[in-house]
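Peer 1: Spelled out, the chains give:
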Amino acid sequence: MGDKYIINEIEKDHILSLLEQKKRIDGRTLDGFREIKIETNFVEKAEGSAVITIGNTKIIVGVKAILGTPYPDSPESGVITTGAELSPIASPYFESGPPSNAAIELARVTDRTIRESHCIDLSKLCVVPEKHVWILFIDFYVLNHDGNLFDAAALGAMAALATTKIPKVKVLEDGSIEKLEEKEPLKINHYPVAVTCYKIDKYKIYDPNFKEDRVSDSRITIGFDEEDRIVALQKGDQGTYKPAEIMEIVRESLNVSKALRKELMKSLS
Amino acid sequence: MAGDGSVKLIDEKGIRLDGRKVDELRPVNIKIGVIKNADGSAEIRMGKNIIIAAVYGPRELHPKHRALADRALIQCFYRMSTFSVSDRKSPAPSRREKEISMVISNSLASVVLTEKYPRTTIDVYLQVLQADGGTRTASLTAASVALADAGIPMRGLIASVAAGLINDKAVLDLFDVEDQKGSGDLPLGYCPVLDEISLLQLDGVFTVKQFEDCLNIAIKGAKDLYEIQRDALKQKYTDIRAEVEVPVKPKTEEPKEEPKEEPKVAPKPVLKVEKPKTEEPKPSKDDKKEVE
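As given, the protein sequences belong to chains A and B, one line each in that order.
Letter 244 of the first sequence, counting from 1, is numbered 243 in numbering that gives the first Met the number 0, and no numbers are missing.
Letter 245 of the second sequence, counting from 1, is numbered 244 in numbering that gives the first Met the number 0, and no numbers are missing.
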């Protein structure tokens, strides 16, 4: 994530020497995940919400649905917008202030996974074409940063969307909109997930903890839909890849995505 | 980015709307040294894209606490001009611009020998004057040429181009209409000398096979683009040589003129101001009256 915070060399050497033996500092395998927990409907006032924890990483996602006007070039589509905050509450390395580049990247990569997978039918969010559509604000707050924010954010977003209920509305004679008490669940067509593969030296690992995250040279986040198609991809940080390496990561991450989706569906059922 | 079939983007012969084949780059023109004040600069024209890259640095970084103790910081500032797109682009920096600036910075940092200039910044300003799809890749292509023009040591040049999906087929270097109507976009930053990928993004819907096809076609396109980058850099020195070598005259035979006389020759005015043809510049009597 942009500038690297300094991790002491001894610790880095330790991580590397373990990786050489295909081990990690917390005893996991190279593609082993920490325990994933998802709690939905955490915040009553939000239209949908979820708290996701992966190991000690904790993110809360809230969805607010607001009536607004559509974009002129898509008058019959609702709007999704995402925002992320890396609040100082979550890590001694985060600072208050306007969203950092890291926060912008987290929000935009997660946005692409949701948007490009077409998991939400935006035309269903249209109330009156050209005038009134639902705008879904999906906002992430990282509460504790212990690595692997991208995977956690995508899982959390899908869990929050899955529990989102949108008020029914009545169009009045003067053209204005009245929100009714009754709500209906947002329809989710399918569940995309994001998988991030981190590269430390020549080793590839999944679900890094904070220290592994910090010493990594680069990462590749890939969003997969339920039909095993790639819907988003982002290479992050300054490391580089050989073309064959990319294909290897795509195939490996696809397998990981299936396991992650299983976890997500388990917590939603 | 819905893949609707309302516009036919490729005809039966595999020819695209702008007459290109599926694996063909748009016409590219790279010019070096377009910003005289910058330490290095380049202008790229790729299709209708017009982008200027200017490099300042290595220089002192402010605020100082952001400086890196062991290497230079590379800061890119990708900005779109308000008139570069059909609708007016808001002049405020968008999240998109910030993200693009970041991925371009990361990509360049993978080839620049930043450890040569600890505690400094190398600033790369990228101004999109006209946008026609693929501005981030064209910007990165121009940026790496501008860095080379600035004489900053690098492990290699980065050539950057996108591939995308049209009718489920891999297509190189999408222009605006294809980008909007196609079903996917895969920008790539690639260093041909090192065979390293340093920028990779994707949106749209790709099967793994389609992704692989697009990656391969983009790498091939980047290799073609790299040759154009090299030629542009070589051209700069060809131009300098031409400038230096043309007025070669045998010095010995010319009778030496007195050096005192030379300053008397007035420099030719570049802008000719035509004077009114009336021969007499004397003020007429009428003029005097008006003044009074």
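No lab work stands behind these hints, which were simulated from the structure alone.
All C-beta atoms in this analysis are idealised placements derived from N, C-alpha and C, irrespective of residue type, glycine included.
There could be a bad hint or two in this list.
[As the list claims (entries may be wrong)] Lysine-lysine pairs mimicking DSS-like chemistry, simulated, CA-CA at most 30 Å apart:
1. B:Lys97 with A:Lys57
2. A:Lys11 with B:Lys168
3. A:Lys265 with A:Lys36
[Unchecked claim] Quick look at which bits of chain B chain A covers, simulated, 3 or more residues with Cβ under 8 Å:
4. 19 to 29
5. 121 to 128
Peer 1: Which of the numbered hints are not met once you compare them with the structure shown?
Peer 2: 2, 4, 5
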